[in-house]
Structures are given as structure tokens and as C-alpha cells.
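Protein sequence lines, in the order shown, are assigned to chains R and U. Note that my numbering numbers the first sequence so that position 116 is 116, with each residue one more than the last. Note that my numbering numbers the second sequence so that position 229 is 229, with each residue one more than the last.
Please note that the accuracy of each hint is not assured.
[Stated by the list, open to error] Quick list of in silico lysine to aspartate or glutamate cross-link-like pairs, DMTMM-like style, CA-CA up to 25 Å: (1) K103(R) with D182(U); (2) K87(R) with D127(R); (3) K87(R) with E178(U); (4) K169(R) with E115(R); (5) K103(R) with E115(R); (6) K169(R) with E219(R); (7) K87(R) with D65(R); (8) K234(U) with E178(U); (9) K103(R) with D93(R); (10) K87(R) with D52(R); (11) K103(R) with D144(U); (12) K169(R) with E273(R); (13) K103(R) with E184(U); (14) K87(R) with D144(U); (15) K169(R) with D201(R).
It should be emphasised that the hints constitute simulated quantities derived from the structure, not laboratory data.
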Amino acid sequence: MIISVRRLTKQFGSFRALDDVSLTVADGSLTALLGPSGSGKTTLLRIIAGLDLPDRGSVHIGDRDVTRVPPQDRGIGFVFQHYAPFKHMTVWDNVAFGLTIRKRPRPEVQRVVRELLQLVQIAHLADRYPSQLSGGQRQRMALARALAIEPEVLLLDEPFGALDARVRKELRTWLRRLHDEAHVTTVFVTHDQEEAMDVADHIVVMDAGRIEQEGSARELYEEPASEFVMSFIGPVNRLDDRYVRPHDLDLAVDPRDGARPALVERVVYLGFEVRVELRREDGLRFWAQISPLEAERLELVRGQTVFVRAARGRSFAGALPVGAGMRGPETTGRA
Amino acid sequence: MNLATTRAGQALPERREVAAHPHAARLTLRAIGLGYLSVLLALPVLMVFLRTFEHGLEPVLAALQRPAFGSAFWLTLQITLIAVPVNTVFGIIAALAIVRRRFPGRSLLNAVIDLPFVLSPVIIGLSLVLVYGQTGWLGGALGDLGIQIIFAPPGMILATLFVSLPFVVREVIPVLREVGTDQEQAAYTLGASRWRTFWRVTLPSVRWGVIYGVILTTARSLGEFGAVAIVSGKISGRTETLTTHVEERFLAFDLVGAYTASIVLALMALAVLFSMTVIQAGRHDKGNH
Numbered sequence: 001m002i003i004s005v006r007r008l009t010k011q012f013g014s015f016r017a018l019d020d021v022s023l024t025v026a027d028g029s030l031t032a033l034l035g036p037s038g039s040g041k042t043t044l045l046r047i048i049a050g051l052d053l054p055d056r057g058s059v060h061i062g063d064r065d066v067t068r069v070p071p072q073d074r075g076i077g078f079v080f081q082h083y084a085p086f087k088h089m090t091v092w093d094n095v096a097f098g099l100t101i102r103k104r105p106r107p108e109v110q111r112v113v114r115e116l117l118q119l120v121q122i123a124h125l126a127d128r129y130p131s132q133l134s135g136g137q138r139q140r141m142a143l144a145r146a147l148a149i150e151p152e153v154l155l156l157d158e159p160f161g162a163l164d165a166r167v168r169k170e171l172r173t174w175l176r177r178l179h180d181e182a183h184v185t186t187v188f189v190t191h192d193q194e195e196a197m198d199v200a201d202h203i204v205v206m207d208a209g210r211i212e213q214e215g216s217a218r219e220l221y222e223e224p225a226s227e228f229v230m231s232f233i234g235p236v237n238r239l240d241d242r243y244v245r246p247h248d249l250d251l252a253v254d255p256r257d258g259a260r261p262a263l264v265e266r267v268v269y270l271g272f273e274v275r276v277e278l279r280r281e282d283g284l285r286f287w288a289q290i291s292p293l294e295a296e297r298l299e300l301v302r303g304q305t306v307f308v309r310a311a312r313g314r315s316f317a318g319a320l321p322v323g324a325g326m327r328g329p330e331t332t333g334r335a
Numbered sequence: 001m002n003l004a005t006t007r008a009g010q011a012l013p014e015r016r017e018v019a020a021h022p023h024a025a026r027l028t029l030r031a032i033g034l035g036y037l038s039v040l041l042a043l044p045v046l047m048v049f050l051r052t053f054e055h056g057l058e059p060v061l062a063a064l065q066r067p068a069f070g071s072a073f074w075l076t077l078q079i080t081l082i083a084v085p086v087n088t089v090f091g092i093i094a095a096l097a098i099v100r101r102r103f104p105g106r107s108l109l110n111a112v113i114d115l116p117f118v119l120s121p122v123i124i125g126l127s128l129v130l131v132y133g134q135t136g137w138l139g140g141a142l143g144d145l146g147i148q149i150i151f152a153p154p155g156m157i158l159a160t161l162f163v164s165l166p167f168v169v170r171e172v173i174p175v176l177r178e179v180g181t182d183q184e185q186a187a188y189t190l191g192a193s194r195w196r197t198f199w200r201v202t203l204p205s206v207r208w209g210v211i212y213g214v215i216l217t218t219a220r221s222l223g224e225f226g227a228v229a230i231v232s233g234k235i236s237g238r239t240e241t242l243t244t245h246v247e248e249r250f251l252a253f254d255l256v257g258a259y260t261a262s263i264v265l266a267l268m269a270l271a272v273l274f275s276m277t278v279i280q281a282g283r284h285d286k287g288n289h
């Protein structure tokens, strides 16, 4: 099912959560809504689900205008950020809920629930209550519950946010595989760019209630449309009016064309990469990411002068005022 | 080596002192707590029990067989059986409105619900007489229709409804707030209507609040004296409840009669308390909340 939203606006008091947002989600795609908190990504998801109503604009699922259709009749499955399990019901009853509401015959309910619990690998926990499950198990239960009604669209709000790192990685892979098998149009919200790039085949970057850019992970990383997208998707240095990825900086011991001298302030070995923290003669601090092999060849030591050249970088019209700063390694997030 | 032994030797008695101290403190606290409770609660109740059976079982049985006692007992039961369900339904609706809806007068409603807590039952009784009495605001009109409220069971039911109104609301509101709306929204996305969501999700998830509220409402309805005493007129055999019956017997110097009715009332209250304890135990055993 194609999801298409047109010119959505949503205001909460004086806060504009969505500002004239239009978006088309391709049939059978796995799309991530990516942005910092307050960017409007969750509001957009909840409006698609019918849990919030837009002030203006429309939502279509397939050929149907569902803008005023209640969530019950939208044919969606929704996984809540904290899973919203029915605490007074067992895992089995949670998953069966949508089917019993639809008054499906008992044998069918039993078959579907059994299959789903096996699919999400919690069949042995069917008689437990949600409070007796771990975070990852609750997440799987919430997914099974949403899938039980065979939704045409699956919507997930920060599905992996509350899980520890290992379980998160595992469930990501699992969601990707599930999507590839079931081909349900899936939209999920995340603030983690790595998660979006890992799982989604289409990423929509949002900021301050607007869509900044959308595209594949590669497109967003290689061809960012704005300074915001460039710095949100991966680390970046600001050198004068150019934005340069730390791995696009060439370091040399001897002077050469287009290279400027900089002082090595610190060399950090991270195993698979080496981070070199640098300071230019005008005091500007930035950093370069090089391979361990490269670091070995250059024999970098603290206090040494190197010559730095940007292999490539981007300039954006109407960039931030000078002094808004280049981004040091501590502000870019991707270690 | 020498040093270490000395240190250990010094440390040991110190540690023993530290350990002994909280033990003594705990015992003292326990003694104070139990002493306070027994002087204040257990002793008087025990005295009533002892006094009741002072002259053996026969006077007690005689008191139980008095028609006035029987009528008071049944009337108390009837009033409770009407007041509790009505206030339970009202309480759940009011709690939902206060927590989930935004409407003008919401905070006023929230404040008014506590009125029976802050007003003395005597004032509640008097105000009901003012409205529903023969010369009252509504009472005259109702009297012309042949409906008597004051000095009759309907007034007593009204008074009991009034004094026991806040319990379910006050017990359900915090639970409703804590549960939040996530589960209800999940039910909507799974296709459940608002009505089915209420029965399948909302009500079960606030059931402990409702149960506590019902128990407290029951206890209050059984034991209400002041408001009921004023609106009932305390007509023996017709508008007496167990509490006013106790007073009537006491003033008539029939101490055994008063004590017997007291004990019946106390046993009903204890049954309520016991059911509360059992339910609470069940709740912790299941671990499903």
C-alpha cells in the first residue's frame, strides 16, 4: 500500500510539530523517519495511524482518503515506543486481541497466534504476563500483536529505543528480514542515523516540523542537501565555508599543493580507525579519520605539524554564520 | 600482624554495638506501635465483645430476635446494596471524565467530589433535610406527588450516597493516571471500538482501584451514622439502620442490645476488611500487575 500525505500541518499550542509536510511512501518499502527530538517524526507517524488528527492536510493509504478515518478502520499495525502491552493479559491473549475483537473463529485465532509466536520466537512464553518478559521479548510480543491483524501498513515508533545495544542490533536484522519476507509497507521512527541506515531502504530526514531531505542512505550521506542533513548523517568538520567529512581529509608530512599546515593535538587509536585531532595556525580545531595503515605510514606524534588537504567537501548556500563552528569529534556522535 | 589483631579486636565489639542498636530500636518501635493500637482500637473492641457475652448467650440471642434489630439489619443491607453499585458506576465515569477529558468545570467537579470528605455528615444530613424536607425546596413538590424522602428510606439512601461518593473516584483517578492512554490507543489500532476498549482494556487495568474503592464505599455505607441519623428520624422498626439502632438501644439502657448490634456491625466491617486482605494477597501472588 502506498502511503501518501499531503501538506500536513499540526500545531500543539504554540509549538508547530508539523509544518506543511508532504511525503509519499512507496508500496512495500521500509522507510525510516529520522530526526532529532521535536522534529515532528513521531507526530507524522501518529497522524498516519490516526492517533492524532492534523490541523490541515490529508492522508491517503492506497486509494483511500483516511484523513478522518479512525485508527480502527485504517488497516494499520502500530508498535508503540514502550510497546503498550495489555498488562492484565497473557502474551497469548495480547497477540490474539485483534483477532478476538474481529470475532474470528477459535481455530483460526489459535492457528494464527501460534504461528506468530513462533515467528517472533516467544512461543514458550505464551502463558506469561508482560511484566514477566524482558524488553526484547516485550518488543517481539508487540510486533506479533500488530501483525496478527494482517495490516497493510506497519508503523513503528522508536521500535528499538528502549533496548540494550546487543538486543537492538539483533532485532534490527530480524525486522529487516521480516519485512523482506512479508512485504508490508513499513514506516519506523528513529533518532539514530546508524539504525536508519542499517534497516531502511528509504530515509526521510526531518527537522523542526519539516522534511529536510529524503533518499537512500547513500544519497543522504554522499549528497546531503543541507548542513543539517550532512551533520546529522555522519560526522563533519566545518573548514571556513566548506563542510568536510573527517575521512575525506588527506594528511601528509610534507607540504603540497592546496594543503594547509596543522598541529597534531592528539592521536586516538580505535582499532579499525585512527582519529587525529588537529589545530590550524588560526586556532580552528578539527579532526581527521584515517586508517591504521595510514597512521603507521605517517608516524604521527603529538605536537607534529602535518599538511591537510580536503579530498572533497561541500558548501551550502546560506550556511551558518561564521563562528557557529566546525564540529569537533565530541559533537558529531559517530565515534 | 600484631597491629592487625589489635585493629580487629577493637572493631569487633564496636560492630556488635552497631548491630545491637537497631535491634533494640526495632523492638521499641514495635512496642510503641502495638501499644498505641491496642489502647486505641483493640481494647475497646475487645471490651464490647466481652460485655456482650457477660450474661451468657441468651440475652444476645434475644436481642438478635427483636423485630427492630431485624429491620435495622435489612435496611442497612439494602441501603448498602443500592449505594455501592450507584457510586461505583458514577465513580468510574467521574474519574474517566476528570482524567481523560478537558471540559469547562472539570476542576470544579474535581473539587466538589471531595465535599463529603470535608463536610461533617451532620451538615450533609441537615442540607438534605433543607432540600427534600416537607418545607424544603424540592420536598414539597415531591410530597404532593406522594413521594416522601426525608424520614423515609429514600432520604437515607441519598445521605449514604452523598457521604460515600468520593471513595471510588479517589481510588480510580491515580490508577487511571498511572496506566496512561497507551494501552487504549493500542486497542484502537487493533480494531477495538471505544466501548470494547473500555471493557477489555481500561476497566481491567484499573480494577484494583475500583475494588479498593468498592470496599471503602461498602465500609462507609455500613457505618454511616450522622447524616443518616438526621434524615431518617430514627423511627424504630422503620427507619433505623444498625448504627442508629445501637444508639437507640444504648439510650434505652439496653446495653446488651446495643452491644449485640455493634458486634454485628463490626463483623460486617471485618468481613469487608478480610476480603480486602485476601484480594491484596491474591494481587501480590499473581505478580501480573
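Structure-based check of all given hints:
1. K103(R) with D182(U): Given that 25 Å is the threshold and the Cα spacing comes to 23 Å, the pair holds.
2. K87(R) with D127(R): holds (13 Å)
3. K87(R) with E178(U): holds (13 Å)
4. K169(R) with E115(R): holds (24 Å)
5. K103(R) with E115(R): Cα-Cα ~18 Å, so holds.
6. K169(R) with E219(R): Given pair K169(R), E219(R) holds - Cα atoms ~23 Å apart, limit 25 Å.
7. K87(R) with D65(R): This hinted pair is violated, its Cα atoms lying about 34 Å apart.
8. K234(U) with E178(U): violated (44 Å)
9. K103(R) with D93(R): Roughly 14 Å between the alpha carbons, so the hint for K103(R) and D93(R) holds.
10. K87(R) with D52(R): holds (24 Å)
11. K103(R) with D144(U): Given that 25 Å is the threshold and the Cα spacing comes to 53 Å, the pair is violated.
12. K169(R) with E273(R): Since the Cα atoms of K169(R) and E273(R) sit roughly 21 Å apart, the hinted pair holds (cutoff 25 Å).
13. K103(R) with E184(U): The given pair, whose Cα atoms are some 19 Å apart, holds under the 25 Å limit.
14. K87(R) with D144(U): Answer violated: K87(R) to D144(U) is near 54 Å, above 25 Å.
15. K169(R) with D201(R): holds (17 Å)
In summary, the structure is inconsistent with hints 7, 8, 11, 14 from the numbered list given earlier, while agreeing with the others.
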